[in-house]
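Enquirer: Go by the hints and put chain B onto chain A.
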Amino acid sequence: MGIADTYSEGRRFVIDRPLALVVGLFGVLLIVDFVGGLATGRIAVSAVATLVWDGLMQGLVVGLAGIGLSMTYSILSFANFAHGDYITSGAFSGWAVTYLLAGLGRADIGSLLLVGAGGSVFGGALGIGATQTPIAIVGGLVIAGLFTVVLALAIDRLVYKPMRDQSGISLLIASVGVAFALRYLIAFVFTTENRGVTGAGGVPEIQGYLLDGFVAVSAHDATLLVIAVGLMAGVHGLLQRTKLGTAMRAMADNEDLAKVTGIPTERVVNATWVIGGALTGIAGYMFVLWKGTLGFNDGWLLLLLVFAAVILGGIGSVYGAILGGLIIGLTNSLSVLWIPSDFARAAAFLVMILVLLFRPEGLFSGRSTA
Amino acid sequence: MSADPNTTADDPNDPDTTTNAFASDGGANGSDAGGNRTSENRTSENRANENQAGDFLGRLFDRDITVILAVIGGIYFAYLITGLALGFEVRGLINVIARLTFLIGVFSMLALALNLHWGYTGLFNIGIAGFMAVGMYTMAMVSKPASTGGAAGVSGLGLPIWVGVVAGVAVAALLGLVVALPALRLRADYLAIVTIAMSEIVRFIYMSGQFQEFTVFGAELGTGGGSGLILNYGDPLTELLDFLALAGPYGGLVDLVGTIIPSNPKPVVDQFAYSALLMIAVAGFYWLLKRTGESPFGRVLKAIREDEDATGSLGKNTDLFKIKSFMLGCALMGLGGILWYMGQGALTPLSFKPKLTFFIWIALIIGGAGSNTGSVIGGAVFAAVLFEGPLYFRNLVVRVFPVGNAPNTFGEAFAALSTLDVVPLIAFTLDNMATLRLVIMGVVLVWIIQNRPEGLMGHRTEVASSIDLRRRPESRGTESTPRAAADGGTRDE
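From first to last, the protein sequence lines are chains A and B. Per numbering that gives the first Met the number 0, residue 0 is the first one in the first sequence, and the count goes up by one each step. Per numbering that gives the first Met the number 0, residue 0 is the first one in the second sequence, and the count goes up by one each step.
Hints are supplied without guarantee of correctness; some may be wrong.
[Unchecked claim] No more than 27 angstroms apart at the CA atoms, straight line, and that leaves these computed lysine-lysine pairs for DSS-like:
1. B:Lys-352 / B:Lys-323
2. B:Lys-352 / A:Lys-290
3. B:Lys-323 / B:Lys-289
4. A:Lys-160 / A:Lys-258
5. A:Lys-242 / A:Lys-258
6. A:Lys-160 / B:Lys-323
7. B:Lys-289 / B:Lys-315
8. A:Lys-242 / A:Lys-160
9. B:Lys-354 / A:Lys-290
[What the hints assert, rightly or not] Sample of chain A residues lacking proximity to chain B, with all beta carbon distances greater than 10 angstroms (derived):
10. Arg-10
11. Thr-130
12. Arg-182
13. Asn-193
14. Leu-243
15. Leu-303
Don't read these hints as lab results, they were simulated from the structure. For glycine and all other residues, C-beta sits at the position ideal for the given N, C-alpha and C.
Chain A on its own, in the form it takes in the complex:
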């Protein structure tokens, strides 16, 4: 390719996609600023490492919750706005059980099952934590997954199944209704207050020295890492190596054709809700364990980030959801290097909007459910 070609191609790019050019230049500017900041010591390496670690943790939660959303989005072809409230439902059901297991005999069962609604029991007083009360945590985790599976299947049966032949937009609107009903039912039963759930003494953590400061990794970070990575690997294996994964990919591609081939589409849909629901519920539980507080709005506030991750990675792609989650998590936490933390979420949304504008098919386009 001659210089003239390169030049004319470059010119065409500038004329055709001026916005892309601006965004690209802005990205380069940020990188230069970042490297310069590290070199001059304006940005501490350890501070960046802490932010990266924090972003990774957020990304794991978002990615884990995103797998379920991505699967239902591709197989049932609608954006499930109730997904955030599945996350919350998982968190509340799991934490009710954790409270019960950790506080049995120390407070009345009703208050424990309501996760201390109305200030009747305080999580701090029960001393809940991955190291202090591992059995309660594992119990809660399992119940969070199971409950969300049952909930997702029940809602599918009641709401989405009668609407299978309708457009994605009708289903989307129905899911908004489900989201309202779920979220405020949770608020009705568990109150709207935000409560701390983990032990008051703080979470045990390991500190490592990195060049110019300390980076801390807590026990809950480690728990989240192990569980999220384990589940992601498990789902990946399940979808890669079993017939179910093939059937899902076939359905996402063309439902009628899948039906003709003899794939029991309704069973595949149920399997999707089971896998997606379990991951979503566990993600909600782990999210609360990791951040230490629980509120009825948690999942809804996370939902747009999960959507961002799913769209970023490409709808239907499991890798995409994980990678998208990590990118969104890192954007969310690293953006504070440049902008006030008030706008961290705005930055993550902006990344999503940019992806929708420039690459609406996502980063892992065309690789459905694998």
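Expert: What follows is chain B alone, placed relative to chain A:
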């Protein structure tokens, strides 16, 4: 419900050449095809009144107004009767009606604006709260007087209120343009996600302490951050009355009401007058959108909704039409936001959560997307039944059966059930009606979208063409003639 959809749907004059946006989204929708076939059978009847087109439109308009008035009248009647039966005082009753009118007004207005986006153009905008916030905040920042500190907080530009309103509407339209330019090419569900993300970004900006106070070209301004703004400009109602030189007669009205409500009648009359003005604004919105919908511009919008590619192939620059429609709708949403919050005394970003957007969507879906009359009725029914209804019902129940103090938590209420005592649970339910009504809204939304996706107004949608395409010359009017698909077919992709 006084708005029986069947009476309108069965009317032979009913112009259902354009199918409803929702119904047409469904692709191969059985009921849709049925509707079209019956309309074809009706053609023969319609030929008789061929030269009555203008007259027909006039009657249609009359009937729409009648339906709206009947619904709103029915709502007032229900509220008044129950209030009177339970012996509410006059003052309380007037307050109830004024608040109801206010809510009907704002929800109808916003549902009408949304109808332009979704019902006419097929743009799935779920960022309404963001446009409202931008409109209202701009208005407040422009109209707030320059402050000297103190309780009134941050200062504004101190311009007259009408300048603020114009600025607010203009900025909302501009934000619409900024969102529309890149986003309108996206699929409906992606547009939805972009708009809701935009509305959240707007809310974060107003929440943030960064712009609490800032200076532009020497003028001090501010959003007030999380604590919001005190709206310490002159009372909009008083200013308007002064402008119209009606302050004198209004004072007389207040005195007149004073004979019924002796103590301090002014706030009651003020609230009522403001609500009444809102209804005039609703009429203005309705007229504007009806005119827009019937104009050549509106016909292109409907064509875009039904089939964008086909419209493009007819030489219409669909992007430009969509941008204009989006901007107009956003301007109206900004105005709706201003009219809602300008008289409230204070403004916080918490008023503009995504919840608000979905309220308006529910109102539109109840009424039926694609119909202006349906939007107004949807707004009224939503405000009266779903938004205010549960709270009013709670007040009534508490008045008739004093249930005593409600337990603090669901657990206590539930535990009482073991002794077969349902009173605590009922008391708890009533006490938390404000939360529970959102559950009810969600369930109603699911029910409607499953069972009646076309809303209360059924297949009552406007004709897309300026001449009635159902009236064809005799020679071509046989069953075998392919029907001119004025509705762009039943598929939407």
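Enquirer: Each hint needs a verdict: does it hold in this structure or not?
Expert: Going down the list of hints, with the structure as the test:
1. In summary, the hint linking B:Lys-352 to B:Lys-323 is supported, as the alpha carbons are separated by about 26 angstroms, within the 27 angstroms threshold.
2. Distance hint between B:Lys-352 and A:Lys-290 is fulfilled; the C-alpha atoms sit about 23 angstroms from each other, no more than 27 angstroms.
3. For the hint pairing B:Lys-323 with B:Lys-289, the CA-to-CA distance comes to about 16 angstroms; that is within 27 angstroms, so the pair holds.
4. Of the pairs offered as hints, the one joining A:Lys-160 and A:Lys-258 holds, with about 16 angstroms between alpha carbons and a cut-off of 27 angstroms not exceeded.
5. Restraint check for A:Lys-242 and A:Lys-258: the C-alpha separation of about 15 angstroms stays at or below 27 angstroms, so the hint holds.
6. Restraint check for A:Lys-160 and B:Lys-323: not satisfied, since their Cα atoms lie roughly 38 angstroms apart, outside the 27 angstroms limit.
7. Our distance criterion of 27 angstroms between C-alpha atoms is met by B:Lys-289 and B:Lys-315, whose separation comes to about 21 angstroms.
8. Taking the CA atoms of A:Lys-242 and A:Lys-160, the gap is near 23 angstroms; set against the 27 angstroms cutoff, the hint holds.
9. As the CA atoms of B:Lys-354 and A:Lys-290 are separated by approximately 25 angstroms, the hinted pair is consistent with the 27 angstroms bound.
10. Distance check on A:Arg-10: its Cβ is at least 22 angstroms (rounded) from any Cβ of chain B, clearing the 10 angstroms threshold; non-interface status holds.
11. Listed as outside the interface, A:Thr-130 is consistent with that label: its C-beta sits roughly 29 angstroms from the nearest C-beta of chain B, beyond the 10 angstroms cut-off.
12. Listed as a non-interface residue, A:Arg-182 fails to keep its Cβ farther than 10 angstroms from every Cβ of chain B; the least gap is roughly 8 angstroms.
13. Every C-beta of chain B lies more than 10 angstroms from that of A:Asn-193, the closest at about 15 angstroms, which supports listing it as non-interface.
14. Interface exclusion of A:Leu-243 from chain B stands, the closest Cβ pair being 26 angstroms apart, more than 10 angstroms.
15. Not every Cβ of chain B is farther than 10 angstroms from the Cβ of A:Leu-303; the closest lies at roughly 6 angstroms, contradicting the non-interface assignment.
In summary, the numbered hints that this structure violates are 6, 12 and 15.
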